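Note that the protein sequences, when read in sequence, are chains X and E.
Its first residue numbered 1, the first sequence is counted upward by one per residue in the working numbering.
Its first residue numbered 1001, the second sequence is counted upward by one per residue in the working numbering.
It is worth saying that the hints were derived from the structure and are not from the lab.
This one's a predicted model, so the numbers in the text were calculated from it and none came from an experiment.
By construction, the Cβ of each residue, glycine as well, lies at the ideal position given by its N, Cα and C atoms.
Don't take every hint at face value.
[As the list claims (entries may be wrong)] So the derived label-pair ranges between C-beta atoms look like this:
{"no.": "1", "chain 1": "E", "residue 1": "Glu1250", "chain 2": "X", "residue 2": "Glu233", "range": "34 to 40 angstroms"}
{"no.": "2", "chain 1": "X", "residue 1": "Val15", "chain 2": "E", "residue 2": "Glu1250", "range": "40 to 46 angstroms"}
{"no.": "3", "chain 1": "E", "residue 1": "Pro1167", "chain 2": "X", "residue 2": "Glu42", "range": "56 to 62 angstroms"}
{"no.": "4", "chain 1": "X", "residue 1": "Lys114", "chain 2": "E", "residue 2": "Asp1202", "range": "41 to 47 angstroms"}
{"no.": "5", "chain 1": "X", "residue 1": "Val15", "chain 2": "E", "residue 2": "Lys1114", "range": "54 to 60 angstroms"}
{"no.": "6", "chain 1": "E", "residue 1": "Asn1204", "chain 2": "X", "residue 2": "Lys90", "range": "34 to 40 angstroms"}
{"no.": "7", "chain 1": "X", "residue 1": "Asp275", "chain 2": "E", "residue 2": "Glu1042", "range": "25 to 31 angstroms"}
{"no.": "8", "chain 1": "E", "residue 1": "Gly1070", "chain 2": "X", "residue 2": "Pro260", "range": "25 to 31 angstroms"}
{"no.": "9", "chain 1": "X", "residue 1": "Glu144", "chain 2": "E", "residue 2": "Gly1128", "range": "43 to 49 angstroms"}
{"no.": "10", "chain 1": "X", "residue 1": "Arg226", "chain 2": "E", "residue 2": "Pro1153", "range": "34 to 40 angstroms"}
{"no.": "11", "chain 1": "X", "residue 1": "Gln271", "chain 2": "E", "residue 2": "Glu1082", "range": "31 to 37 angstroms"}
{"no.": "12", "chain 1": "X", "residue 1": "Met255", "chain 2": "E", "residue 2": "Glu1254", "range": "37 to 43 angstroms"}
[What the hints assert, rightly or not] Taking beta-carbon pairs under 7 angstroms as the criterion, some of the chain X residues facing chain E (in silico):
{"no.": "13", "residue": "Glu144"}
{"no.": "14", "residue": "Thr181"}
{"no.": "15", "residue": "Leu201"}
{"no.": "16", "residue": "Asn204"}
{"no.": "17", "residue": "Ser209"}
{"no.": "18", "residue": "Gly211"}
{"no.": "19", "residue": "Thr259"}
[As the list claims (entries may be wrong)] Example chain X residues on the side facing chain E (calculated, C-beta under 10 angstroms, incomplete):
{"no.": "20", "residue": "Thr174"}
{"no.": "21", "residue": "Gln179"}
{"no.": "22", "residue": "Val187"}
{"no.": "23", "residue": "Ala196"}
{"no.": "24", "residue": "Ala199"}
{"no.": "25", "residue": "Gly261"}
{"no.": "26", "residue": "Tyr289"}
Number of protein chains: 2
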Amino acid sequence: MSKDNLKIGFVGTGVMGRSMVKNLLKAGYFVSVTNRTKASAEELFPLGARWVDSVAELAGLSDVVITIVGYPKDVEEVYLSEEGLISNAKSGSVLIDMTTSSPFLAKRIALEGKSKGIDILDAPVSGGDVGAKNGTLVIMVGGEEEVFNKVKPIFEAMGKNIILHGPAGAGQYTKMSNQITIAAGMVGVCEAIAYAQKAGLDPNRVLDSIGGGAAGSWSLSNLGPRMIAGHFEPGFYVKHFIKDMNIALESAKEMGLMTPGLELAKSLYEQLADDGEENSGTHALYKLYMK
Amino acid sequence: MSKDNLKIGFVGTGVMGRSMVKNLLKAGYFVSVTNRTKASAEELFPLGARWVDSVAELAGLSDVVITIVGYPKDVEEVYLSEEGLISNAKSGSVLIDMTTSSPFLAKRIALEGKSKGIDILDAPVSGGDVGAKNGTLVIMVGGEEEVFNKVKPIFEAMGKNIILHGPAGAGQYTKMSNQITIAAGMVGVCEAIAYAQKAGLDPNRVLDSIGGGAAGSWSLSNLGPRMIAGHFEPGFYVKHFIKDMNIALESAKEMGLMTPGLELAKSLYEQLADDGEENSGTHALYKLYMK
Chain X
1 MSKDNLKIGF VGTGVMGRSM VKNLLKAGYF VSVTNRTKAS AEELFPLGAR WVDSVAELAG
61 LSDVVITIVG YPKDVEEVYL SEEGLISNAK SGSVLIDMTT SSPFLAKRIA LEGKSKGIDI
121 LDAPVSGGDV GAKNGTLVIM VGGEEEVFNK VKPIFEAMGK NIILHGPAGA GQYTKMSNQI
181 TIAAGMVGVC EAIAYAQKAG LDPNRVLDSI GGGAAGSWSL SNLGPRMIAG HFEPGFYVKH
241 FIKDMNIALE SAKEMGLMTP GLELAKSLYE QLADDGEENS GTHALYKLYM K
Chain E
1001 MSKDNLKIGF VGTGVMGRSM VKNLLKAGYF VSVTNRTKAS AEELFPLGAR WVDSVAELAG
1061 LSDVVITIVG YPKDVEEVYL SEEGLISNAK SGSVLIDMTT SSPFLAKRIA LEGKSKGIDI
1121 LDAPVSGGDV GAKNGTLVIM VGGEEEVFNK VKPIFEAMGK NIILHGPAGA GQYTKMSNQI
1181 TIAAGMVGVC EAIAYAQKAG LDPNRVLDSI GGGAAGSWSL SNLGPRMIAG HFEPGFYVKH
1241 FIKDMNIALE SAKEMGLMTP GLELAKSLYE QLADDGEENS GTHALYKLYM K
């Protein structure tokens, strides 16, 4: 798709979405945006983004629509409601959902799209607010290869590690693998640091011993020091992680896969949310062990 | 301690111990060895190691004795029995246990030693057979600082990252933090790769997406590909990991620390051992998910 005439629509100007729109604008794309609350999009207008009042209107004027919203129910509404993308998108347009959402829903949306001559990709990301800001997101894509190749330059404006993992849903399945790894991994990191603390060790020195070997992980090196220092700002919100774990559990159940580590992590995070920590970073799980 | 007159005794010439003795010999130390079975020590004799028939005899002729044996009960026997090190070591000698063993036992041995004028360090390692071979072990030490400084050059012949973590037991506590991190972490890695497989993804491509970000870990990058390829040779034995998790659980209980992730991992590994996998590598846990 030639950049010159291409019209991109963008739904969802939260922390992630705003940075992604900025990178699209920086790359020279023409971008229209919409969001539940206009206020969160306002900083994008001086940079060249155009405001559109509704998802339906945005769909009608865009060649490619990118969405990054909150929960699967939001994805469902944005794509499948009467006022949503599929009912109002131009035939031949491409819709890309970058929300972390249900693989099952992604497949359903892709089928609905196909029946209307609209191509759909699921393309959730990892790399957080920093990755979104720097244009270094990991983008995990599900859908048809031809469609993927057509919009790849758009992904390249927002991310670095961009892989097509298979048909519709494959991006979401890959993102769930990511979250499943993190879930039990975080449990291990919290227990290990709490153990070091309670044993009377200097936990930062313990990290110096264990961080570079077989126990080493991104969570241990990046979140361990924050746990020890008592800094629990997100990062990634507890409430969003619980959402992701619910999606992962549901899809694992569909596959007949046991996931006791994921189940344990989810139940611990739910206890943490009950303690009023749902807006803390995921590493606040540590607090549960130090109560 | 001057290298020239120093006599090192070494108890335990298994895979780890043999490599460690070789590095001590390479560094110019005079080393006597003993082991339950002489056969496993034989390759060390042409390199300059001297065989001694018993722990008691070894204790009597050494300035520093290093031990790396199997289980806490072996440590107990080697240190605390009548024919053991403490009853037979020279006053002023230093005994260093590099077995992964119980922190509580390490404290008990240190007290026994002190009462006889013998200095004790607990100094378990990580880095496995490769680290032992290359002299790049991580060495986690508990004991008195003066004693640690005295024998540090000996540690430097065997390892690279050598840290004193506190008084007797602190080395073992640190090693347990390492194992606790790995325990739940491995559960997460296995569940994530099994999920990717069952979702019909190419799990190696999934690793390309998730290995470099927030889900990244040594286990995921190093053991994930072996799980996918179906190679389950140890590495680190399931049976030894279960031993370590039992020590960690027992000591966590003493501290009043909940460790549900560790408990879950231990119960899964026990199922795996029941399936006849106790001599497989720890990453064989993956098999439990793919049954």
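Hint by hint, here is what the structure shows:
no. : hint                                      : verdict
1   : Glu1250/E to Glu233/X: 34 to 40 angstroms : holds (36 angstroms)
2   : Val15/X to Glu1250/E: 40 to 46 angstroms  : holds (44 angstroms)
3   : Pro1167/E to Glu42/X: 56 to 62 angstroms  : holds (59 angstroms)
4   : Lys114/X to Asp1202/E: 41 to 47 angstroms : violated (23 angstroms)
5   : Val15/X to Lys1114/E: 54 to 60 angstroms  : holds (57 angstroms)
6   : Asn1204/E to Lys90/X: 34 to 40 angstroms  : holds (37 angstroms)
7   : Asp275/X to Glu1042/E: 25 to 31 angstroms : violated (59 angstroms)
8   : Gly1070/E to Pro260/X: 25 to 31 angstroms : holds (29 angstroms)
9   : Glu144/X to Gly1128/E: 43 to 49 angstroms : holds (44 angstroms)
10  : Arg226/X to Pro1153/E: 34 to 40 angstroms : holds (36 angstroms)
11  : Gln271/X to Glu1082/E: 31 to 37 angstroms : violated (51 angstroms)
12  : Met255/X to Glu1254/E: 37 to 43 angstroms : holds (40 angstroms)
13  : Glu144                                    : violated (15 angstroms)
14  : Thr181                                    : holds (4 angstroms)
15  : Leu201                                    : holds (5 angstroms)
16  : Asn204                                    : violated (11 angstroms)
17  : Ser209                                    : holds (5 angstroms)
18  : Gly211                                    : violated (9 angstroms)
19  : Thr259                                    : holds (5 angstroms)
20  : Thr174                                    : holds (5 angstroms)
21  : Gln179                                    : holds (8 angstroms)
22  : Val187                                    : holds (4 angstroms)
23  : Ala196                                    : holds (5 angstroms)
24  : Ala199                                    : holds (4 angstroms)
25  : Gly261                                    : holds (4 angstroms)
26  : Tyr289                                    : holds (7 angstroms)
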